[in-house]
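A.B. asks: Based on these hints, arrange chain B on the given structure of chain A.
There are 2 protein chains.
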Amino acid sequence: MIRVYLAGPDVFRPDAEAFGARLKAICAGHGLDGVFPLDGLAGGDDPAWAGLPLAQVIARRNEAHIAGCAALIANLTPFRGPSADAGTVFEIGYARALGRPVFGWSNAALPFAARSRAFTSGGERDGEGMLIEDFGDLTDNLMIDGAIIASGGAVFTAAAEAAARWSSLEAFERCCKAVARSAQLLA
Amino acid sequence: MIRVYLAGPDVFRPDAEAFGARLKAICAGHGLDGVFPLDGLAGGDDPAWAGLPLAQVIARRNEAHIAGCAALIANLTPFRGPSADAGTVFEIGYARALGRPVFGWSNAALPFAARSRAFTSGGERDGEGMLIEDFGDLTDNLMIDGAIIASGGAVFTAAAEAAARWSSLEAFERCCKAVARSAQLLA
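Protein chains in written order, with our numbering: chain A, 1 to 187; chain B, 1 to 187.
In isolation and in its complexed conformation, chain A is listed as follows (with noise of 0.2 Å):
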């Protein structure tokens, strides 16, 4: 089974293991073999990793996940503000310079510059003066839109309620088809 790597916040859930569970049950049920964050890497940890603070050892053992995969699959839900969460765009930064497509699913519809404005009270600028980037429908920065669609991959999105911003799994399915429609990218 291709391997993709599961990126995105769920990892901080209450119940993060579980739905790493789900998520991965999804991916099988179309050929994908899902890694999430949390999982152990199948060799073990490197050596040279003991003694280093575990923060710095989940940050090594995430990047070993993304270099073991063909391609990663990014939850973009935006969190904490109008943008995906931090640790989930380094890993998208990461893949990309790394050759692998990426592919990102979000349960917010509205696109970034219209969040970005929401957020900040703006018009074409924000409260310091920075301006508010505004590419039309993009789903966040243009650097994560860009290295999606260069990498041959592609967003999905869902306009799911409040309440079910970090449940709803529709974009995420829809995501993993046309993850495996493009097996000829993950060769």
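Be a bit skeptical, because a hint or two may be false.
Computed footprint of chain A on chain B; a stretch qualifies when at least three of its residues, placed anywhere within it, have a C-beta under 8 Å from a C-beta of chain A [what the hints assert, rightly or not]:
no.	region
1	12-20
2	50-58
3	81-87
4	92-105
5	110-122
6	136-148
Simulated from the structure, these hints should not be mistaken for lab results. The beta-carbon is built from N, C-alpha and C at its ideal position, and this holds for glycine as well.
C.D. replies: Okay, now just chain B, sitting in the frame of chain A:
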């Protein structure tokens, strides 16, 4: 001179070009050739990008800038939420996967966990039940700090006044000094 990519939301300032010139002048004072995201590519854009939407051209140009630099210096000052600007965070991940040393600077001295709690009015979890990542003194999400440390870089912070959040360059200058001292990383 050592080429360093100057990632940050400084591109959104009203005086972005002039500010980029100030950053480059400080770089030059430390033997560094600063590359600002708004710069053109030395060899011009890839002809294959002709016809792409502007956002996609900018994304590919910045990826090429990063690949052409020996290191990355990121402005991690929090941007519309507790984390750094999403474009900047993407670029940190990109540089890290290419094996480039990554350095950061920020005009917020308060650690990420404390900033996240202030943003969410949360304790251990936010209002949606999502965990506040708390590894003590980290500057941002552990993927960012972890990558910077693993790459041989470091983060430099200053407790700037609110009005100087986007203009104080004291932490940036300390960061440039450290990059210049790390020549062995940049070979």
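A.B. asks: With reference to the structure, classify each hint as holding or not holding.
C.D. replies: Outcome of the hint check:
no.	hint	verdict
1	12-20	holds (count 3)
2	50-58	holds (count 5)
3	81-87	holds (count 7)
4	92-105	holds (count 7)
5	110-122	holds (count 3)
6	136-148	holds (count 9)
When each numbered hint is compared with the structure, no violation occurs for any of them.
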